[in-house]
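Chains A and B supply the protein sequences, listed in that same order. Quick note: the first sequence, position 26, residue 26 per this note's numbering, numbers continuous. Quick note: the second sequence, position 105, residue 1105 per this note's numbering, numbers continuous.
The reader is advised that the hints may include incorrect statements.
[Said to hold, decoys possible] Each pair of labels, with its calculated beta carbon distance range: (1) T1043/B with P73/A: 37 to 45 Å; (2) A1126/B with R74/A: 44 to 52 Å; (3) Q1010/B with R25/A: 45 to 53 Å; (4) Q1017/B with A67/A: 17 to 25 Å; (5) A102/A with N1007/B: 22 to 30 Å; (6) Q1010/B with S45/A: 25 to 33 Å.
[Stated by the list, open to error] If you want the footprint, here are the derived chain A segments under chain B, 3+ residues with CB under 8 Å: (7) 7 to 13; (8) 16 to 28; (9) 105 to 115.
Everything labelled a hint here was simulated from the structure, so no lab data went into it. Note that beta-carbon positions come from the ideal geometry of N, C-alpha and C, so glycine has one too.
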Amino acid sequence: VAFHALIVDDSSAVRAFVRASLEERGFVLVEEAETGFEALRLLASNAFDIVIVDVNMPDINGLELLAFMRKSPRQQAARRILISTEVGKVDTQRGLELGADAFLRKPFEVEELRTLVRDLLSGAEEASR
Amino acid sequence: VSDPRDNVQQEFLAEAQELVEALSRDLLLLDEAFHRGDRIEPTLINEIFRSVHTLKGIAGMFGYQHVGAVAHALEDLLDDLRLGRTSVGQQLLDVVVPAAHVDVARGVLRKASRPAPGVELEQILARIVEDLDELGESGVGGEHGQPSA
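So that you can see chain A by itself, here it is in the shape it has in the complex (with noise of 0.2 Å):
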């Protein structure tokens, strides 16, 4: 597996989904987060990849958890994508502020995140020759 990834969403079908969507080609593991208190303890201690993190949660939500790995040395690498229902335009600005790389609009469709995943990670590869 060349890529470590992780989903944060209190939605285990929306975890499913993205793990079956991403898995499937062999190239990207997937790891999940069910709430954002679960997702800190998995950042503080592997360096991901691509994170995908849901902005709604009831605990930590996904604005606080980009602010959380802005400062995280682990994470500096790491490209990260903001899930939302509806992309308000206060999330979408708070969420460029705080690291965003792209978002992600539910419902969204398997090849629109692999797509997405694929880009962003090729642009990762690059950065780091």
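Please build the complex by placing chain B on the supplied structure of chain A, with the hints as guidance.
Below, chain B without anything else, positioned relative to chain A:
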């Protein structure tokens, strides 16, 4: 080409079922509160909105467009309630609360070995969407409406 969603249908069905159960419980609470003349708690409206909102998102992602359409129409109406553009009233409750809707939703999910609902169910769902849209356009919660917030 295989659809990666095929392997995780059960995840969708289990979560959708939970959301429908929660929705059913919260709508009955709303109905009871209205008929007792109690103040409608904004947290209850928000809970209902959150269930519908999540259901809409996952239904769309897993290809259950008919479930998503009902959730979308319901979400629009609930958004009006949340923002105080309409209020809880008998007319609104008559469309939103009936147990039949929950039975329809359960039926959809039970028969959901494939996303296509079948003609009869499709007609029932289309009618529910129509009723919800009509109510949303009229902008009236009901003759005895009371503010939700």
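Results of checking the hints against the structure:
no. : hint                            : result
1   : T1043/B with P73/A: 37 to 45 Å  : holds, 39 Å
2   : A1126/B with R74/A: 44 to 52 Å  : holds, 51 Å
3   : Q1010/B with R25/A: 45 to 53 Å  : violated, 22 Å
4   : Q1017/B with A67/A: 17 to 25 Å  : violated, 35 Å
5   : A102/A with N1007/B: 22 to 30 Å : holds, 25 Å
6   : Q1010/B with S45/A: 25 to 33 Å  : holds, 30 Å
7   : 7 to 13                         : holds (count 3)
8   : 16 to 28                        : holds (count 6)
9   : 105 to 115                      : holds (count 5)
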